[in-house]
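Undergrad: Here's the letter readout for the chains.
Number of protein chains: 2
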Amino acid sequence: MEEVDHLAHERSKTQFDVAAMKIVWAGSKHEFEISDRVSRLVASDPVFRKDNRAVLSRKELFKNTLRKTAHAWKRINELRLTEEEAWELRFYIDEPAFTDLHWGMFIPSIKGLGTEEQLQKWLPLANTMRIIGCYAQTELGHGSNVQGLETTATFDPKTDEFILHSPTLTSSKWWPGGLGKVSTHAVVYARLITDGQDHGVNGFIVQLRSLDDHSPLPGITIGDVGMKFGNGAYNSMDNGVLQFDHVRIPRDQMLMRVSQVTREGKYLRSDVPRQLVYGTMVFVRQYIVFNASYALSRAVCIATRYSAVRRQFGSQDGGIETQVIDYKTQQNRLFPLLASAYAFRFVSEWLKWLYTDVTQRLQANDFSTLPEAHACTAGLKSLTTTATADGIEECRKLCGGHGYLCSSGLPELFAVYIPACTYEGDNIVLLLQLARFLMKTVSQLGSGKKPIGAISYMGQVEHLMQCRCSVQSVEDWLKPSIVLEAFQARAARMSVTCAENLSKFSSIEEGFMELSADLVEAAIAHCQLIVVSKFIEKLQQDIPGKGVKEQLEVLCNIYALSLLHKHQGDFLATGCITPEQASLVNAQLRSLYSQVRPNAIALVDAFNYTDHFLGSVLGRYDGNVYPKLYEEAWKDPLNDSVVPDGYHEYIRPILKQQLRMARL
Amino acid sequence: MEEVDHLAHERSKTQFDVAAMKIVWAGSKHEFEISDRVSRLVASDPVFRKDNRAVLSRKELFKNTLRKTAHAWKRINELRLTEEEAWELRFYIDEPAFTDLHWGMFIPSIKGLGTEEQLQKWLPLANTMRIIGCYAQTELGHGSNVQGLETTATFDPKTDEFILHSPTLTSSKWWPGGLGKVSTHAVVYARLITDGQDHGVNGFIVQLRSLDDHSPLPGITIGDVGMKFGNGAYNSMDNGVLQFDHVRIPRDQMLMRVSQVTREGKYLRSDVPRQLVYGTMVFVRQYIVFNASYALSRAVCIATRYSAVRRQFGSQDGGIETQVIDYKTQQNRLFPLLASAYAFRFVSEWLKWLYTDVTQRLQANDFSTLPEAHACTAGLKSLTTTATADGIEECRKLCGGHGYLCSSGLPELFAVYIPACTYEGDNIVLLLQLARFLMKTVSQLGSGKKPIGAISYMGQVEHLMQCRCSVQSVEDWLKPSIVLEAFQARAARMSVTCAENLSKFSSIEEGFMELSADLVEAAIAHCQLIVVSKFIEKLQQDIPGKGVKEQLEVLCNIYALSLLHKHQGDFLATGCITPEQASLVNAQLRSLYSQVRPNAIALVDAFNYTDHFLGSVLGRYDGNVYPKLYEEAWKDPLNDSVVPDGYHEYIRPILKQQLRMARL
Ligand SMILES: Cc1cc2nc3c(=O)[nH]c(=O)nc-3n(C[C@H](O)[C@H](O)[C@H](O)COP(=O)(O)OP(=O)(O)OC[C@H]3O[C@@H](n4cnc5c(N)ncnc54)[C@H](O)[C@@H]3O)c2cc1C
Ligand SMILES: Cc1cc2nc3c(=O)[nH]c(=O)nc-3n(C[C@H](O)[C@H](O)[C@H](O)COP(=O)(O)OP(=O)(O)OC[C@H]3O[C@@H](n4cnc5c(N)ncnc54)[C@H](O)[C@@H]3O)c2cc1C
Ligand SMILES: [Ca+2]
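Chains as they are written, first to last, in the UniProt record's numbering: chain A, 1 to 664; chain B, 1 to 664.
Hints are not guaranteed to be accurate.
Because identical chains share one entry, a pair is satisfied inside a single copy or across any pair of copies.
Claimed, not checked - Derived lysine-lysine pairs resembling DSSO-like cross-links, with alpha carbons at most 30 Å apart: (1) K121 - K266; (2) K656 - K63; (3) K13 - K479; (4) K74 - K504; (5) K63 - K635; (6) K656 - K50; (7) K566 - K440; (8) K635 - K59; (9) K504 - K656; (10) K50 - K635; (11) K656 - K111; (12) K538 - K22; (13) K504 - K479; (14) K656 - K59; (15) K74 - K13; (16) K266 - K628; (17) K50 - K479; (18) K504 - K450; (19) K656 - K74; (20) K628 - K63; (21) K121 - K656; (22) K628 - K22; (23) K538 - K74; (24) K635 - K266; (25) K74 - K29; (26) K63 - K479; (27) K566 - K352; (28) K504 - K352.
Bear in mind the hints are in silico, worked out from the structure with no lab data behind them.
Whole structure, please, built from the sequences with the hints as guidance.
TA: In structure tokens:
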């Protein structure tokens, strides 16, 4: 096979320093180096190969993931990887596995909800994987409304134990990853009952399986919830179902940082504020935003490279056809997604900072920024995961028919990504939470309470309600202050309008229910403003590397202006811009697309993804698409024989008109 | 298992005659009866059972489909089904299979492109399935641009044969359904070459496999292109790859209705106009629109029923929670999709009429309506398939976490549906075609040529450019004439603006490339207007049944007003409505949602889908969701054993800290 870079010509057109952009994308030189090294390590290890995941049976797929997980743990120990490196290693293996929940939910929950003693007992076991844990909250009948959970944990003062029980079918735990087949332990959420009184939902550490032979402990029924969306994808995860039949655990396995049950069965609340749990949620959700930028950038990388390889139409008399990336419709669909990938990366960087800031304040007993941080993280989780899920599917469509093949990598990327719109908070429920926060902020505006954090723009609400956009020419739309003000004005006006309309209802609750669709739109406007503003702030920093800042400025403008166009209804309805100004947005966008075009391949190269991680024939670094597509096709089991299994029983009798006689 | 209708209370609230609505949905009493009878026939036949398709291997899945196909053919003959009934039977089996292409593309292509003689020779063979055919147009390197195909058919006057050849890798046929493993014949599109001259792409009937033992004929390489998106889904279809190495076929296997090659190798064009082929495209695409209404209504049926079963939040002290269908955000996402399903059904009914009309005119040598019919069908194919693909995924999200399980039916429905956005014309390419037609229409407005058909509103362009929407109250938005005029004005203004902007470019072609994103938006506006207007026209007919027409009026208004809200940017930017009028749309929508709410379940019951066809635990008629979800889970192969395969090799060594020693 020839070793040609079919995209070399594209790469030769690059107008910026790709190596420098790689560091900007990674966050820092340090982070770049780790991810570069670890991703290559994974890519070069035969155990981590991804091939033919789409044709494996459920059992083969699952066993294969167990194999990779064990191998990863072996390598992490052999190479004495740091925590950060180990995290990256698991990430680049790129298969959902029970370890995601063990490291990402089980351990953090104990850290967040356990007492000092409990941490000392459980963390050493979990950190060395002598126990494996999962996070068992959701039930068959109860998801978003955690307060509605039915599982009970009843204190028995006689034995100093809790009795865990599943009173109904709908109280079965359902969905927890890692539960179905692997976890030995779980953090289980259940209604705490002492002396006949229900104290609401609390967390408990529960052992599920024998550490000797892995069989479920007495009174415990566990299984897998069955196949989920897609080939490979999330089916390597054992999302599980779990029922308790009066299962006893020692009292000290209730997570007691926030509330306690004494030996006598007394329920006490500690002075630790309940909001502490929000800290963990901010952590998990900022990580989800970070992942959104990964998933979207992968899809964009595939679609961009393939769009430069694919040619269609535009040739006079049989000459070479036009690269589809040169069509403005293709650019108009693709480049805003490219810009979004960068935008989400930068907003997630900021969220990481926000989380650190919140944590430090909590340690100093300063809870003042928590509600805003919590609301804004919830909103950004919703915004970025929805946009990423839709964006991956758009990238697939951008690849025409070939995007529908598993070998394109896009079907699996979509299938594995989409539950991010649902887990850790259904995206609509999260936007409604943010909307409540927005309405509260608006209602307090008169009271002298100054909005802080990402919502501080509301402090200038009077200006924002009546400011007029000053754009007069196409170029004016490149001014960050103008763009920012338009987004602020739109967000502020939508929130204020909602608040005004709410006040017309006899009860806020009734109004909130009735106007919830408008409230969701106001919340989205607020989130988009945050992403735009963090991108703009990023560009106010020093960014080294020839042409790097210029490219990012183009992307920032594309991100903002494509949103402005897509949501021009909001901007026009609130009078933030005029129809003439809206049409100038379109003209500016076309010019921005032309500026990105020669740099498009380099901008996706800057993600620094290995072909292993991309897992896509269409997205190959060398653009050698067609021979590889052809090669992949022949690997399908259906091609094992020329004449298919079933020919004699089912095809031949049709052709030979023998069906009346045949017994099928 | 108890036999309770968990949705009985919902059904008792219905305000219209469901039986009458079923007939409206089906199109007529006759069509209702056939589809009712045939769908039950399929549902009750054990061979057609759908269970566990998600866990079958590719080979098992494929063989199972062959089995169903053979059984279907047997039943069709035994029961002496009419053509219409046979079509329905295959439809309700609900698995993509080679027969789709045999009946839907191979036979129609021969009918469309063959001479009288050729029909007489080939149709009897195909109609009795003594041969099985597919449609081989697309190549590895060439899809949308059919004129770019590379396969050659070179006439050899010495032997009176064509030599079919694949000169390059990219010229391999790629994608044709039924090709990979089953078809004995194909209509192959190839460049016709006589005497060294290239006459462009023509169709040929080519035998691919031996009728004795099914092996590919000499010079022919065939295989399957490999796994496609999703579990089950389109993987029951053998989309194929095909290469010719100088394969000879008799001259009379060129489809010669439109052009001929004589015994001497002379290329002739018959006097049959080339536009004839458009007729076939109109036929295929109207069928795709029809299917869109099926696919979308299925998803909506599942999401609606489950939304009435699912409860979340809203209970004071542990009482029963609120049905999620009562949340306005849920309604705002779901009910416009319900309305779209009905809208697409009615527009497809109209397209069926249009096709008949066009065909009759063609027979009378009247080609006048063909370009408009062709453009409008292309646009509607694009509009409805895009909306349906997005709508299915939205329905899945509306079901929260459980929608992600294969047992919900929604993942497979999505995966099997989405290629409709790509095949039979990429949706963006189709909109650009329609846009060309729109621009041509606008450019001819001055010339006295009156626009006909669905674009006749352009005849009133002067009025539409300056009319002002008269809405003053929420109720005004219920007036069909007002809604219609707003949509007409928006579509006309967007087209005219595009045309004006185009004229500023030095060449139309350059302008068309540059402005293509705007042109696509104009084309969408035109298509939405057509769907709205056909829904309104439908309501001007007599519609029997208590309350039926009233419900349809509500749905029609929801369809139109939800689009108006979603695209309010267009309406505001073009000055068709004012911001105040836009906000009245929202208020009216909320009231319409309340009117649909009590009838929602009955409106999806009216689709008359069997549980077999729906294939969804969440969408069950009786709403008995939870026990069935639970039951399904245990069927997963991973649940065959309590301790999973791989425990001893890969889990135990981790827990027992033995990994350094273990060989994985
Ligand atoms: C792949 C996957 C992995 C998961 N992993 C875990 C895990 O490890 N541990 C665990 O405990 N759980 C896990 N879950 C469960 C997950 O957290 C829940 O699915 C999620 O919280 C959503 O809840 P739900 O499924 O009950 O949706 P529902 O809340 O039932 O949502 C159904 C619909 O109702 C709407 N809705 C609900 N409430 C409101 C409201 N108040 N207002 C308006 N609309 C509303 C929603 O928007 C949605 O459209 C996982 C789920 C998935 C899919
Ligand atoms: C499941 C499935 C079944 C199929 N069955 C058959 C079959 O039975 N027989 C058969 O012959 N074929 C079949 N096909 C092939 C199908 O017809 C093609 O995939 C389809 O025509 C799209 O062409 P493409 O894949 O080349 O996409 P491309 O044209 O390569 O599209 C790639 C991208 O380029 C864009 N683009 C292309 N041209 C332009 C333009 N002029 N302007 C702007 N943008 C442009 C598109 O919008 C898209 O975003 C099937 C495909 C699938 C997925
Ligand atoms: Ca399989």
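Undergrad: Please name the hints from earlier in the document that this structure breaks, with their numbers sorted from lowest to highest.
TA: Numbers 4, 9, 15, 16, 17, 23, 24, 26, 28 - these are the hints that the structure violates, sorted from lowest upward.
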